[in-house]
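Using the sequences plus the hints, can you model the full thing?
Residue numbers (the numbering used here), protein chains in the order written: chain C, 1 to 329; chain A, 1 to 444.
FYI, nobody ran anything at the bench for these hints, they're computed from the structure.
Careful, some of the hints might be misleading.
[To be verified] Cβ-Cβ distance ranges computed for the label pairs, FRET-style:
1. A:436 with C:254: 38 to 44 angstroms
2. A:386 with C:57: 40 to 46 angstroms
3. A:295 with C:312: 50 to 56 angstroms
4. A:363 with C:67: 14 to 20 angstroms
[Claimed, not checked] Straight-line Cα separation of at most 30 angstroms, DSSO-like style, residue types lysine-lysine; simulated pairs:
5. A:313 with A:145
6. A:170 with A:299
7. A:197 with C:156
8. C:156 with A:249
9. A:195 with C:156
10. A:76 with A:136
11. A:299 with A:135
12. A:299 with A:145
13. A:386 with A:179
Using N, Cα and C, we set each Cβ at its ideal position, and we do this for glycine too.
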Amino acid sequence: MTASSSSGGPDAASARAAAISVASRARTSGWFRSQTSRRLGVGYLLLAPAVLYVLLLVGAPFLFSLYLALSDANVGEPVASFVGLANFRAALESDVFYIALRNSIVFTVVAAIFKGLLGTTLAFLLLQPFWGRKVVRGLVVIPFTLPVTISVLSWKWMYDSQFSVINWFLSRIGLVGSYGSPDWPVWLGQAHLALAACIIVNVWRSFPFSAIVLLAGFTSVPTEILDAARVDGTSFFQRFRYVVVPMIAPILLIGFLFDTVFTLSDLSIVYLLTQGGPANATKILPVLAYQVGIQAGALGRGAAISLFLFPLLLPLMILLLRNLKRRED
Amino acid sequence: MSDTQPVQTDHASVNRRRFLKVAGGGVAGSSLLTMLQARQAPAQIKGTTLRILQWSHFIPAYDAWYDRFAKEWGDKNGVKVRVDHIPHLDIPARMAAEFAAGAGHDIIYNGSSILTRLYYKNLADLTDVADAAGKKYGGWIPAAKSLVEVEGRWYGLPIFYILAPMLYRKDLFDANNLKYPDTWELARVAARTLKPKGHPTGIALSQCADANLFWRSMFFSHGGTEAEPSGASPTLDSKELREFLRFAKALFEEGMTPEVFSWDDASDNRYLASGVACWVHDAISAYRTTEDTNPPVFKNTFLGLEPQGLPNKRVSVAAPNVWMVWKFSKNQGAAKEWLAYLIDNDLVGMTESRGYNMPYLTDRYKKPMPVIGTDPKLQILQDFPKIVAFYGYPGPSTTPIQEIVNTFIFPDMITRFCRGQSMEEAIKWGVGEYRRIYAKHKGA
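Put into structure tokens, the structure is as follows:
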């Protein structure tokens, strides 16, 4: 501080005037320079990469697939013309589409039920203290981390119509007949067995993921709350239903959402096991879209078929996200 | 329909740009012809790189030879050659990706599903190479051009096809007084006789390439056709189709098991090699697999010509293999040179593939052919070129046919009937799908 300012002379007066002028400038230039606005600015700046990422990697492909679905684009034709809803109409006129739609729903729902049951059981098992728990926790993720082609081709061998190790085992314990007998299951050749076989591989591959999500949730529940519930005389299922589930609901919902999206859009398992056969018995929408759009070259129709996944997923996503928001509030 | 619309050309207006284009093209074409005839690579390909994408052959030794052979050619001509192999089912997706990116390999392979019609506007015109090879080797077998020709130009080079004979167990046939399966009816009798004795038969009836090929052979041999000779419209709905379906279902019920609904392209190889099958209709990879894995069964495995459906009616639908050059390729000269060289050496390829790769050029059928001509059991394959056909028979492999093939409509129709749907319902579905796809392409 200078001598003049401390004395309260003319300099002090000018400083006061300057302070008043700064305040008035701040008022006149709006809220842009306020702390809140700066905080918001930094916030948006930090969010920008994520928004850009979503726009580029989700929004742009979605808009592009909309464009394709409304055009007569094919794989070898760079110029496509607008055909309105013709591709959607063509899909709705084909009964293979309805088979694929039904299979997609059955596939997703049945797989979700089994993944939920097995995932919860596994998560509880992994919570228990036992020797080698860390190793087992590491091993359970193997199905999820193995390259899908390798694991599915291994399953294809296990389901082989002639050399199936599953059938060999079932035959040895007397549950099915020997090879060549009528009750020898042909896993990928009988309609219901083929769909079940695809679901089994999907469940095998994905339930460790569900278990790990649940495990993360379970370990986040404070033990004091569980102890208090135990003191109040609650049973294991009551504690699970009324204490654990409400507390980890956001994790459960997000996990469920991810899993549903992954399952419904999963092309690889069905494609590698059956290509959608026999006679479309295992055809799901992504496989149909791939065959029509890429293999047969009708990009517009393939895009239209794949877009039918959107109205299937949208209500579920809205429901889950609204539930999540309500819980946050 | 997109396939049959001719390119509009205006011959009246020859402006300066057009003159230069035509003259330039002529000079380039004639120099290429000279170069092809001289069998010497031009200096301008020296120092370039040639990238080739193709399938992983069912005979792995062929891939090893091909890669080595391509490299040797590259070394001789100063071209760096890179060959990538991927499973044949992944080729369409890869092709779409390369087209969308406008970059990738210079030469791209198509096997089984041939996509020349879909991409021809984006493929290099290989008519000059095809004409030169045709002149040199006595012309192409009739079915060859149906795979690659669009509006009079060749947009791909057929280098080999994979045919499918009857492979039958002579020991089992002899022991049961069964006749050589020269007709489908005799094959059915054998299947019916030997299934109760633990030796059923099989042709894949799933969504795989074999199912698309072999049931079509049976259908066409029964007098059926898939499209008009021009390829303009489908001709599936016919009394021949009904006859064929009746036969196919009887053959399935009497001689096969539901295993065929789950088969992939290699299942029939394993079926024969395991000693279970009394006959399979397959490529000679089944013969080779048996040779490598089960010598006693191999000793008794014999080959037959495509069985007749009607008297003297034999049509064998083969798996075509075609090489194409992208228009965006910056090394079309080297690509054409390599393909011409490969055609010159297709008999070497046939040897290296253990007789698997059948050539498309007439002179190549001079007996004895390599490998198959010297093996008494395989000699019969030398008589196949006259009866070979491809998808869309007797028409060309058009865009609608390619879509039909890739969505497995034909085998699915048979599967529906064999699994219990009524014949008319199965036909209504199949014919409906054919018409819908043809109508879509007509409107395009």
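(message) Hints numbered earlier in the text: which of these fail when held up against the supplied structure?
(response) Numbers 2, 4, 11 and 12, in rising order.
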